[in-house]
Amino acid sequence: MSDLPGDLLYTNDHEWLRREEDGSVSIGITDHAQSALGDLVYVELPEAGSDVDEAGEMAVVESVKAASDVYAPISGSIVAVNEELADDPEKINSDPYGDGWIVRVQPSDAIDESAMMSPGDYQTFLDELDD
Amino acid sequence: MPFIPHTEKDTSEMLQAIGVDSIADLFDEIPPELMIEHLPHVPPAVSEMEISRLMRRRARMDGSPMCFIGAGAYEHHIPTAVWDIATRGEFYSAYTPYQAEASQGTLQTIYEYQTMITELTGLDVSNASLYDGASALAEASLMSVRANRRVKSGRILLAPGVNPVYEQVALAIAGAQGLTFERLDQDAASGNVDFGKLPEGREPVAVVVQQPSFVGTLDDVDRLTDWAHEQGAFLISIVNPTALAVLRPPGQWGEAGADIAIGEGQPLGVPMSSGGPYFGFMTCKQKHVRQMPGRIVGRTSDLEDNPGFALTLQAREQHIRRSKATSNICTNQGLMVTAATIYMSLLGLDGLVGVANASHLNTTMLAYGLCGIEGVDRLYDGPFFHEVALGLDRPVAPLLTALADRDILGGFDLTSTVGRNALLVCATETKTEADIEAYVSAFADVMAADSA
Numbered sequence: 001m002s003d004l005p006g007d008l009l010y011t012n013d014h015e016w017l018r019r020e021e022d023g024s025v026s027i028g029i030t031d032h033a034q035s036a037l038g039d040l041v042y043v044e045l046p047e048a049g050s051d052v053d054e055a056g057e058m059a060v061v062e063s064v065k066a067a068s069d070v071y072a073p074i075s076g077s078i079v080a081v082n083e084e085l086a087d088d089p090e091k092i093n094s095d096p097y098g099d100g101w102i103v104r105v106q107p108s109d110a111i112d113e114s115a116m117m118s119p120g121d122y123q124t125f126l127d128e129l130d131d
Numbered sequence: 001m002p003f004i005p006h007t008e009k010d011t012s013e014m015l016q017a018i019g020v021d022s023i024a025d026l027f028d029e030i031p032p033e034l035m036i037e038h039l040p041h042v043p044p045a046v047s048e049m050e051i052s053r054l055m056r057r058r059a060r061m062d063g064s065p066m067c068f069i070g071a072g073a074y075e076h077h078i079p080t081a082v083w084d085i086a087t088r089g090e091f092y093s094a095y096t097p098y099q100a101e102a103s104q105g106t107l108q109t110i111y112e113y114q115t116m117i118t119e120l121t122g123l124d125v126s127n128a129s130l131y132d133g134a135s136a137l138a139e140a141s142l143m144s145v146r147a148n149r150r151v152k153s154g155r156i157l158l159a160p161g162v163n164p165v166y167e168q169v170a171l172a173i174a175g176a177q178g179l180t181f182e183r184l185d186q187d188a189a190s191g192n193v194d195f196g197k198l199p200e201g202r203e204p205v206a207v208v209v210q211q212p213s214f215v216g217t218l219d220d221v222d223r224l225t226d227w228a229h230e231q232g233a234f235l236i237s238i239v240n241p242t243a244l245a246v247l248r249p250p251g252q253w254g255e256a257g258a259d260i261a262i263g264e265g266q267p268l269g270v271p272m273s274s275g276g277p278y279f280g281f282m283t284c285k286q287k288h289v290r291q292m293p294g295r296i297v298g299r300t301s302d303l304e305d306n307p308g309f310a311l312t313l314q315a316r317e318q319h320i321r322r323s324k325a326t327s328n329i330c331t332n333q334g335l336m337v338t339a340a341t342i343y344m345s346l347l348g349l350d351g352l353v354g355v356a357n358a359s360h361l362n363t364t365m366l367a368y369g370l371c372g373i374e375g376v377d378r379l380y381d382g383p384f385f386h387e388v389a390l391g392l393d394r395p396v397a398p399l400l401t402a403l404a405d406r407d408i409l410g411g412f413d414l415t416s417t418v419g420r421n422a423l424l425v426c427a428t429e430t431k432t433e434a435d436i437e438a439y440v441s442a443f444a445d446v447m448a449a450d451s452a
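Those sequence lines, one after another, are chains D and R.
Per my numbering, residue 1 is the first one in the first sequence, and the count goes up by one each step.
Per my numbering, residue 1 is the first one in the second sequence, and the count goes up by one each step.
By construction, these hints were calculated from the structure, which means they are not laboratory data.
Everything numeric in this text was worked out from a predicted model, so none of it was measured.
Every residue gets a Cβ at the ideal spot worked out from N, C-alpha and C, and that includes glycine.
Treat the hints loosely; a few may be bogus.
[As the list claims (entries may be wrong)] Label pairs and their calculated CB-CB ranges:
1) R:307 - D:7: 48 to 54 angstroms
2) R:4 - D:64: 33 to 39 angstroms
3) R:92 - D:121: 36 to 42 angstroms
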C-alpha cells in the first residue's frame with residue numbers, strides 16, 4: 001500500500017492539496033491516481049495567472065493508455081504551474097507528492113476542509129475502492 | 001434481409017438489459033420537431049439492375065465536355081496505375097488500422113503519405129487526412145482555439161481570397177462553439193489583402209490566407225504571416241498541393257512560418273467525381289501536434305528492433321477521450337489517401353513540378369487568348385498560378401450556357417462572389433494547345449452571337 005503524506009488533504013478525485021506558507025495551495029494527483037494511469041507522457045498545464053473554478057477543468061494528464069482531466073478542488077487563481085512537467089511528465093509517476101506537483105493556486109475563499117479527506121479517510125476510501 | 005444481424009429476441013434482451021422498452025426510447029433526447037417521420041422525396045428501393053440502368057442513362061447525359069472549371073476541384077491526368085493499385089483488395093477493403101500487427105501495409109502507406117505532405121507544406125507533422133478541404137478549415141480553426149490559448153476571442157480573420165464555401169462550412173461546424181469568421185479588407189486592384197486597412201487590436205486567434213486565392217491571385221503571404229504573429233494569432237494557410245510544387249511552402253512563410261497548413265487533396269490523383277469523395281490534408285508545427293485532430297501514424301521499432309508503424313498520440317482521439325477528443329467528426333479518407341500516395345510516388349517531385357508548370361503555362365495561354373476578345377479583361381493584376389479571374393462586359397451565365405451547348409464547361413461564374421460580371425477559368429496540364437484555341441474561338445463566337 002502506498003504511503004500517504006500526513007500533511008496533505010485529499011479529494012475523491014484522487015488529488016492532493018498542500019497549504020504553503022504564503023497562503024497558496026499546491027495541488028497534484030495521488031500515488032494511487034498515477035499508478036492507475038500508468039506512465040505519463042504529457043501534461044497539459046493551465047496558464048499561470050488564469051482563474052479556476054472549483055470542479056472546473058484545470059489540467060489534463062495523459063498516459064500511454066488514457067487522458068484524464070484534473071479538476072480544480074478549490075476556486076482561485078493559478079499562481080504557478082510546474083513547467084518541468086512539460087519535458088518530464090513522468091515526475092508525477094516517480095514523485096507524485098513532491099516534484100510531481102502540478103499547480104499552485106491562491107484560493108479565493110477559505111478552504112472547505114469538510115469537503116476534503118484526511119490521510120486516514122482517504123486510505124479508507126481507497127480500501128473501499130479495492131473491495 | 002437487413003444488414004444488422006440481430007434477431008428480435010437479441011434486440012429485446014438488449015433493451016431489457018439497459019432498462020428501456022423500445023429502440024425509439026433511445027432517441028428520447030432528440031426534440032420531436034427535429035424527427036423526420038418519412039422521406040417523401042426518396043423514391044422506393046429498386047433492384048440493382050434497374051439502378052444500374054438509371055445511373056448509366058444519367059451518366060450519358062453528362063457527356064464528356066472539355067472542362068475549364070477549377071474553383072476548388074481540378075482536373076488532372078491520373079496515371080492508370082494509381083487506381084489499379086489503390087483498388088487492390090489489400091488497400092480497397094482496409095479500414096482504420098488500429099490493429100498494428102495486422103495492418104503494417106496500410107500504416108506504412110499512411111506514414112509515407114504524411115511524409116510527402118509534410119515535405120510539400122514544409123511543416124513538421126501531418127495527420128492521416130480529413131474529410132475535405134472545407135471541413136479542414138473548420139478543424140484548423142478549432143485547433144487554433146485549443147492551441148493558441150492566450151487568445152480568448154474565438155475570432156478568425158479570413159483573407160479576401162479564402163474560398164467562400166470553405167467559410168460557410170467552417171461556420172456551420174465551428175460557429176455553434178462560439179467561433180466567428182470575419183473578412184479582411186480587399187485591395188480592389190490586386191484582389192488581395194489591403195495591407196493599408198489591416199485592423200489593429202481585434203485579437204484574432206487565427207488569420208487564414210489561401211494561396212493561390214479562390215480568385216487565382218497570389219497574396220503577400222510573408223507579410224500577412226508576420227502580421228498575424230504580431231497580433232498574437234496563428235496563421236492558417238490553405239494551399240493547393242499542385243501549386244506547392246512550384247510555390248514556397250507555408251512552413252517558410254514570413255519570419256516564423258505558418259502554424260497550420262490545410263487544403264483539398266483532390267488534385268493528387270482523385271477524380272473530380274461531381275464533388276467527392278475527396279480528402280483534406282493538414283500539417284502543423286511539432287509543438288501543436290497534441291491539438292491536431294485526426295489520426296497520426298508514427299514509425300517505431302518492435303521488440304527485435306525491426307522498424308514498424310503504429311497509430312500514435314491516440315489519447316487525443318475520440319475512442320479514448322470521448323467528448324474531450326480533439327475532434328469527433330473527422331476521419332481519415334483512407335482510400336483517397338492511398339491513391340494520392342501512389343500518385344505522388346509515381347510522379348515524383350519532378351513530375352509534380354511538370355504538372356504545375358504545364359498548368360500555369362496553359363492558363364497563361366488561355367488568359368492571353370481570352371483577353372484578346374473585346375469585352376474581356378483581367379479582373380486583377382499580378383501573377384496567378386493555374387486559375388485566372390476575368391472581368392466581362394455582360395452577364396456570364398448565358399455565355400456559359402452557350403458554351404455548354406458546344407460541349408465546353410467554360411469556367412466558374414464569379415458574379416455573385418465578386419459583385420460584378422466575372423468568370424474564373426482554369427486550364428490544367430490536361431489541355432492541349434488545340435483545346436485552348438478551340439475554347440478561345442468558341443468564346444469569341446458566343447460573345448459575338450450574344451451581341452448580335
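Could you tell me which of the hints above the structure violates, numbers in ascending order? 3
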